[in-house]
Each structure stands twice: as structure tokens, then as C-alpha cells.
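Residue numbers (my numbering), protein chains in the order written: chain A, 1 to 158; chain B, 1 to 158; chain C, 1 to 158.
These are computed hints drawn from the structure, not numbers from a lab.
Be aware that one or more of the hints could be misleading.
What the hints assert, rightly or not - Dumping the calculated EDC-like pairs for lysine to aspartate or glutamate here, alpha-carbon to alpha-carbon at most 20 Å: (1) B/4 / C/148; (2) C/4 / A/148; (3) C/4 / B/51; (4) B/88 / C/61; (5) C/88 / A/61; (6) C/79 / A/124.
Unchecked claim - Residues of chain A clear of chain B, computed beta-carbon distances all greater than 12 Å: (7) 23; (8) 71; (9) 73; (10) 76; (11) 77; (12) 93; (13) 143; (14) 147.
Predicted, not measured: the structure shown is a model, and the values here were computed from it.
Backbone N, C-alpha and C define an ideal beta-carbon position, used for all residues, glycine too.
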Amino acid sequence: MEQKSTNIILFSGDYDKAMAAYIIANGAAAYDHKVTIFHTFWGLNALRKDEKVLTKKGFLEKMFGKMMPRGADQMGLSKMHFAGMGPKMIKNVIKKHNAMELPQLIEMAKEQEIELVACQMTMDLLGLKEEEIMDGVQYAGVAAYLAEAENGNVNLFI
Amino acid sequence: MEQKSTNIILFSGDYDKAMAAYIIANGAAAYDHKVTIFHTFWGLNALRKDEKVLTKKGFLEKMFGKMMPRGADQMGLSKMHFAGMGPKMIKNVIKKHNAMELPQLIEMAKEQEIELVACQMTMDLLGLKEEEIMDGVQYAGVAAYLAEAENGNVNLFI
Amino acid sequence: MEQKSTNIILFSGDYDKAMAAYIIANGAAAYDHKVTIFHTFWGLNALRKDEKVLTKKGFLEKMFGKMMPRGADQMGLSKMHFAGMGPKMIKNVIKKHNAMELPQLIEMAKEQEIELVACQMTMDLLGLKEEEIMDGVQYAGVAAYLAEAENGNVNLFI
Numbered sequence: 001m002e003q004k005s006t007n008i009i010l011f012s013g014d015y016d017k018a019m020a021a022y023i024i025a026n027g028a029a030a031y032d033h034k035v036t037i038f039h040t041f042w043g044l045n046a047l048r049k050d051e052k053v054l055t056k057k058g059f060l061e062k063m064f065g066k067m068m069p070r071g072a073d074q075m076g077l078s079k080m081h082f083a084g085m086g087p088k089m090i091k092n093v094i095k096k097h098n099a100m101e102l103p104q105l106i107e108m109a110k111e112q113e114i115e116l117v118a119c120q121m122t123m124d125l126l127g128l129k130e131e132e133i134m135d136g137v138q139y140a141g142v143a144a145y146l147a148e149a150e151n152g153n154v155n156l157f158i
Numbered sequence: 001m002e003q004k005s006t007n008i009i010l011f012s013g014d015y016d017k018a019m020a021a022y023i024i025a026n027g028a029a030a031y032d033h034k035v036t037i038f039h040t041f042w043g044l045n046a047l048r049k050d051e052k053v054l055t056k057k058g059f060l061e062k063m064f065g066k067m068m069p070r071g072a073d074q075m076g077l078s079k080m081h082f083a084g085m086g087p088k089m090i091k092n093v094i095k096k097h098n099a100m101e102l103p104q105l106i107e108m109a110k111e112q113e114i115e116l117v118a119c120q121m122t123m124d125l126l127g128l129k130e131e132e133i134m135d136g137v138q139y140a141g142v143a144a145y146l147a148e149a150e151n152g153n154v155n156l157f158i
Numbered sequence: 001m002e003q004k005s006t007n008i009i010l011f012s013g014d015y016d017k018a019m020a021a022y023i024i025a026n027g028a029a030a031y032d033h034k035v036t037i038f039h040t041f042w043g044l045n046a047l048r049k050d051e052k053v054l055t056k057k058g059f060l061e062k063m064f065g066k067m068m069p070r071g072a073d074q075m076g077l078s079k080m081h082f083a084g085m086g087p088k089m090i091k092n093v094i095k096k097h098n099a100m101e102l103p104q105l106i107e108m109a110k111e112q113e114i115e116l117v118a119c120q121m122t123m124d125l126l127g128l129k130e131e132e133i134m135d136g137v138q139y140a141g142v143a144a145y146l147a148e149a150e151n152g153n154v155n156l157f158i
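All chains should be built: construct the whole structure from the sequences, respecting the hints.
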């Protein structure tokens, strides 16, 4: 029997949507799917290192770099963000229920050998450099996505 | 021939996105698909009873419970919400065109035996209790979703 | 070998999400997929002509028509819109990187014979008339979508 596959495009930069993406991905990996998460546009922020990285950038790229959250832990909510109170509430209930926060879900994904891919084209558009992105991430484009997804079982755009 | 299947994850708590989800689901059921809608995160609000239900909750859960809309009819729009004017406009044009409002689309889904599933983990996270959710809903997790979706024909994340 | 197919529902009226939809669609067409983009709700705005078209409409339909962007070039961003500064920044970096803006991506989709479909039901709901929509667009409903998607390889809701 052929191995099943799950291919998620993570477009969103929202903490809650990224959580949903990584929960599904980790679940699918536990069920022996080959799993890939393609991070594009604001979803790339989940892969950013949380420290400031010195890079040579043009003005627009610097602006985007400053305005976008550095890493999963800094991302906002899609609903009820309330100037940052929402994410704190969510993180509190996650702890209370012994569930995993987003950075832990990403760690787990790496341990389960889920392929984390960053979209090269939107990296360029938003002015993100490879040295700003966490280790263990691959760089590819829409062709690589389609090659996986056209034979995929569960394809989602999040 | 095997029965085709449609599996929708309803993550969004927006009235218009929930409408889209239920219209596709009802259409697929009419075409003899086995249809399941997995409600997670803010999508759970579509399944809430519209009356206030007394439950024992911690502080954070009470906060979430108060801030989230009680049932489909209270949900906002993803675009042009305009402090509630948008949903009223949408409901007015729906009536004018003899189309179905969201609560009716949910009723129709039940009549067509579409499986309405609430994600147990996000119920816990948001502090929602089963007695706040409408009847006829099942409770399950990501494993149940994947078991359906890995053989599904139309899998969508909304 | 049967031709593979990609079917995208474009629900969103955001410039960046529509870009993602059209980039995936154009990629899939280049890989010989049969590609269809079903525009529904705010996604219909990507298909609007950019000039004002005189039509006979009721009050609510006129309101929606005025408040919604006329065509791809007028659409806002899902994140960091900043009162229109975000879209300008994105368009600037697109030019700088010699990438394609949304109207060009739509032109390319037409040249690649991607089927652009407008959802008839939401056209009616939002009071959009066919004379406001660009040429070469087909009009259909959820049944037509399902007929394609149930045999599709890559089905996405954007």
C-alpha cells in the first residue's frame, strides 16, 4: 500500500490558524502520512527566529521585517486578538490543559520529520533572508508543492 | 462504486464563511456524498445554543464564553462587518432572494444526515461545555478527521 | 493517464490571498492540470471591471456595489493593510522583483485557459450584474463545482 500524504499550505500568520495547521500535520504524521507544510506569505513568520538577525536589506524589506512578528510565539490571533490579550488568554488555557503551544508543536513536527518548506518567492517579496529562518527548513516554490499535492490525500490551504 | 466523501474543517467563526461551508456541504450531500463538517476553534460557535446555559467554568473560560457569539445567528462577517450592519445587510438580501440563512442551512444539513462534529480539544481550550452545544453533534478529534479525510474526495479548510 | 485537475474556491477578497490562488492556479496549468477557479462571495471582486458600470439595482445591492472594490487592483491585504499602505508596499516589491501583480496573474490565467467561474448565487446576493464582470467568465453554482472537485487532485478553499 502506498504511503498516504498530507500537504498543508500555511498562508496565514495567525497563531490560532498555525496551531490548527500543526495539530493536523502532527496528527497525520502519527498516522504515517508523509507530511509537508508549505509556508507562504504571512505563514513564513512561524519559521522566523525569535532573535533579531542582522541582514542587508532595502527600505521596504526592512519595513516588512520590522512589522512582521519574529517567530511563532509573537503571532496574533485571527479572532479576539484584543491588542494581544487574546493570545495571552489562549496560551494560558493551553498551559492549564497541558496542551502544546505553537513553538512546541513546531518542535514536534520536526521530530516527526514533517517537511517544513518556505516559499522562496514570498521570502523574496517580503524581504526575508535564510539567516532569519530557523534551521531545518527547505526552500522551494509552487512546482515542488504541486508535485507533492497532486498525489496527496489531504490537501489544505490554511 | 464507492460513495464519495466531502470533509470540511470549519475553523472560521465568520457568518459568511460558515454559509459557504454549509452550502458546499448541503450540495455535496444532495449529490450523495458522505459529508462531515468538523467544527474547530471559532467554527464551534456555529453549534452553540442561542440561549444562555448555566455551566461551572473557570475565569478564562467564562471570558471566552462571554466574548464569543452564541450560535450561528450572532456571528459576524469576515469582510464589511461595519459594527454589525454587514450581517444585517446580508440577511436582508438573503431574505429578498429567498435564499437560506445560516441557521436554516444548519437545519438542512441535519436533515440530510451530514455529520456535525465538534473538536473536543478546542472545546476544552475555549471552555465550551457539551450542554452549550446544540443536539445531534458528535465529539471527536484530529484522528477521526484524518480517518475520514484521507479517503475523501473534497477536503476543505474554511 | 487521466489529466490531473486543480479546483480552487476563491472566497477571499484579499489581494494577497487572491495572488496565492492565481499563482497556484497558473503553476498547476503549467503542469498540465485542468484548472478551475470558482469565485464566490468577496472573491468575485477580483473579476469586477475597474470602471463604473451603470446598472439597475435596489438600495442594498447599490450599497454593496459601492463598498466593494472594483477589480483586482483595488483589493486590500489580509494582514498589514495599514489604510492602503500595505498593498502599495506589496506592489512595490512585486515590481522590484519583476514578479507579476494580480491583474497580470489573472491575464496569464486566461491565456493558459484556466476556467474562471463566478458563483451565480453569491452574484445575486451581493447584487453584482454580469455587465460588471470582466469578459470570459462563466457563471455556475455549487453543483458545477462539485462535479469538478469530486474528481480533483488539488482542491483548495482560499
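Legend entry - Hint numbers not upheld by this structure, sorted from lowest to highest: 3, 7, 11 and 12
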